[in-house]
Each structure stands twice: as C-alpha cells, then as structure tokens.
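> Here is how the chains run, residue by residue.
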Amino acid sequence: MASYEVKLLGTLLSPFVIRAKIALNLKSVEHEFMEVGIFAKKSDLFLKSNPVHKKMPILIHGDRPICESLIIVQYIDKVWASGPVILPSDPYDRAIARFWAAYLDDKWFRRIRAIILSQGEEAKKAALEDGIHGLVLLEEAFTKCSKGEKFFGGDKIGYLDIALGCFLVWVRVIEIMANVSLIDESTTPQLFKWAQDFCVDDAVKDVLPETDKLMEFVQFNYVAKLKSRL
Amino acid sequence: MAEELKVFRTWSSPFGFRIVHALKIKGLEYETILEDLSNKSDLLLKYNPIYKKIPVLVHNGKPICESLVILEYIDETWKQCPLLPQHPYDKAMARFWAKFGDDKIFPPIRSALFSQGKEQEEGVATAVGNLKFIEELLKGKKFFGGDTIGYLDLAFGWMANLISILEEIVDMKLVDAETFPLLSAWMSNFSADPVIKDCWPPRDKMVERFKGFRGPHLKKVA
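So the sequences go chain by chain: A and B. Our numbering applies: residue 1054 is where the first sequence begins, and numbers increase by one. Our numbering applies: residue 150 is where the second sequence begins, and numbers increase by one.
Isolated chain A (complex conformation) (with noise of 0.2 Å):
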C-alpha cells in the first residue's frame, strides 16, 4: 500500500483543519487525510506528533509533525513554492494579512462563539456586538487588501481568505441558532459576496461541511453540553 509522505490529522467539522486542507488544495498537493474526532481518544501517532497541544490540525510530511493552522499554511506555501502563491509577495501586504489572521484567532471566533455558548442575555449581546464590530473592521481591511478583486488575496484565494473563510459555516450555523445577522449584505457588503466566491472555489467547495452537519454537531458537543452544565 502507498504511504503518503504528506498526511493531514483532523477533522472538516473543525475550521482551522479547513485551513489545512484549503491549502493542500490550491498547491494540488496529494495527501492522506486521517479523519481524527475532534473529542475522540487521540492515536499514539497524533498525540507524538503534537505533544504540546494535543490538538488538530496536524500536518505531518515525512516524518516531521508541523502544528498550528496558520503555521502549517505557510509551511505548505513555501514547501509547495511552485503552485499558486498562498502569502502575499510584498513584505506589507504580508504583515496586514498575518495581522488579521491573528485577529481572527485571538480575538474574533472566541467572540462569535461567545453569541450561542455564553451565559446569559447580556453577554450574548456583547458578544454579537463584537462580532459584528469585527466584521465591520474586516470589510474595510478587503477594501485594502483586495484592490478591487474578488478575494482579499486577489484575484486568487490567498492566506487571509483561507484564514477568514474557514469559518463561515461556523458563522451561519451562529446566524440561525441565534437568529442574528453576521455578514450581512447591507453591513458588510463585499465580505457578503466574498463569502460566495470563497465558497464555490475549487479548492474550498469540498471541504466546508454542510450546514446542518455542523449545527448538530455544535448543538451536541458545546450547547448541550453548557446547558447540562447549569
């Protein structure tokens, strides 16, 4: 049997895997996808490859373990130099792209989630505000970064689609468990149609999980299971 040199742990359900896989895709890059359950008990080949965290995605090639979604996007695009280039080519480009992408990480999703798993009216509306706020703040940084394309790579998906993009289903499964309105034609307007184009690329439609699949997913694994908490 082949063995892949370049093998994919995680799961679709989770959006910083989707980053992973995304940039597999684009650079065409043939892989093994091991399908690990996010609250599943972790292989010993998972848990040797990331030590530290524990956590998915993990990229192996060869036998080297890289960890860390946006870490493993770069790594993909300088290994894979020759397919389509992920980070952009000017050092300024690159810096708002990489400062956005952390936006997302360590301020954003935590406050969209905050929408359907905090506790309380109050904190719930906080959270939708911030998300929103966010999602303000993005529309205008695609102004910038898409220079009239359509993707804030341009004309190409790029590392902060990827690194935006990975989220929208988790953002329309918090639109219709909440009843509120993220992206928004009327608010966020070009982020609004960026969401289609993003979604029906080729290297994107296979590997957004479906809607549905997600919300159950999230209604049993952290709703559920916050309510059972009170």
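It cannot be assumed that every hint is accurate.
Chain A stretches covered by chain B per the calculated footprint, using a threshold of three residues with CB under 8 Å from any CB of chain B [claimed, not checked]: (1) 1124-1132; (2) 1135-1147; (3) 1246-1258.
Computed far set for chain A versus chain B, every beta-carbon distance over 10 Å [what the hints assert, rightly or not]: (4) Lys1080; (5) His1084; (6) Ser1239; (7) Thr1264; (8) Asp1265.
Hints are computed from structural coordinates only; laboratory data are not their basis. Here the structure is a predicted model, which means the values were calculated and not measured. Virtual Cβ for every residue (Gly too), placed ideally from N, Cα, C.
Go by the hints and put chain B onto chain A.
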C-alpha cells in the same frame, strides 16, 4: 527614497524590546516614540486603532502592529542578518515556539506577578512546566537560532531580562540553574551579547516599574 522608520513603544515593554533588538541586528536607524499608556498619543491610536497597543513599527508612514508580525516584516524587508531560519520546517518550528511563549509562558508569569498565594503558585507552576519544553530546544545550541541570535531568541528575549526581575519581586524561583541549565546559560549569553546588553533599561528602574504594575492588583484582593 530615504527610509523613514519609527517605533512606538514604552521604555519598559518586553515586546517593544523585540523590535529594538531586531532593528539593531539589522543595523537600521529609526526614531523612537515613547508612549505613556495611561495617556496614549493620537498617533498611536491612529496607527493601531484595533488594539491601541505598543509596539508599532511605522515604515514610510505605513504602520505594522503585533510584535511577532513586526519581526517577520523587518526580516522580510531587510535581508541582511536573517532572523528566521531559511528552511521551511525550521521556520515553522521557530514560529510555533514563539507563539507558545506568548500563549503559554508569558501569561502565567504575568498572572504570578499580579497575584499572590495559591493563584500565584499556580501561575509559577504552569510557567515552569511550559519552560521545560523550551529547555529542550536548546540542546546542543548556544542560541535558539544556533550560533547567532535569531527570531526565536528575540521572541524569548524578555525572559533574559524580566524573569530575574520578577523572581525578585514575587520572591519565587522560576528558572533555577539546576532545573534549567541550558535556559540559564542562554539567558546569560543573550544578555551579554553586544547587540542586546546596552538595550536594557537600568535594573533598579525595571524592578520599581514592575512592582508598580503589581501593586494595584494586590490592593484589589485586600
């Protein structure tokens, strides 16, 4: 076109020093704007509206925020004396550990500085546990970057200056030479490096400064 470089920072911020060290390694001239975080300048708020924090690097009028993003920008813009390793895997490892330091070492140490009793003990225990990973990285190396200071040394640089200061303030040992022989040696080597050693502010001023940060947090508990 003449390059215009400005660094917005405070005189004591460890994250600000990352940028100072990087620019010194690259041999770059720049203007320093020292901020008072209780009274932030309009320029800082204009250049970093999202976080309103230092450091900010402004290059020919264009701001770059977040110290690790700034380090990569400096390295990619000025190619002399590379900071990040060349090999993609080594680069990935450097980025991984830099993030680890910011997410898993700095916060518990900061928490230990701002607390006392059990909470402080927990902060110290967490930090020490995570520092053991860092100790491993130094096997066979003088610096994290190898023979010379690199990105990861700059990312961890705050430890070489601040850890002994914080140990003095909270009267607890974080990095002892017996448990952390390699890290202890690195802290000395890093601090003694010609690029680094003249950059730190006077130790007594730093002790006073960080005691000042700690004070209000203790009063809240009392």
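> Does each hint fit the structure? Answer for all of them.
Quick rundown of the hints versus the structure:
Coverage of the stretch 1124-1132 of chain A by chain B holds [criterion: at least 3 residues with CB-CB distance below 8 Å; count 6]. Only residues whose C-beta sits within less than 8 Å of a C-beta in chain B count toward coverage, and the stretch 1135-1147 of chain A has 3 of them, enough to reach three; the restraint holds. Here's how the stretch 1246-1258 of chain A fares: 0 of its residues keep a CB closer than 8 Å to some CB of chain B, so the rule of at least three is not met and the hint is violated. Annotated as non-interface, lysine 1080/A keeps its C-beta farther than 10 Å from every C-beta of chain B; the closest such distance is 13 Å.
Non-interface call for histidine 1084/A relative to chain B: holds, since the shortest CB-CB distance, roughly 16 Å, exceeds 10 Å. For serine 1239/A, the condition that its CB be more than 10 Å from all CB atoms of chain B holds, with the nearest at approximately 23 Å. At roughly 30 Å from the closest C-beta of chain B, the C-beta of threonine 1264/A stays outside 10 Å, upholding its exclusion from the interface. Chain B leaves aspartate 1265/A outside its interface by the beta-carbon criterion, the shortest separation being 33 Å against a cut-off of 10 Å.
Of the numbered hints listed earlier, the single one contradicted by the structure is hint 3.
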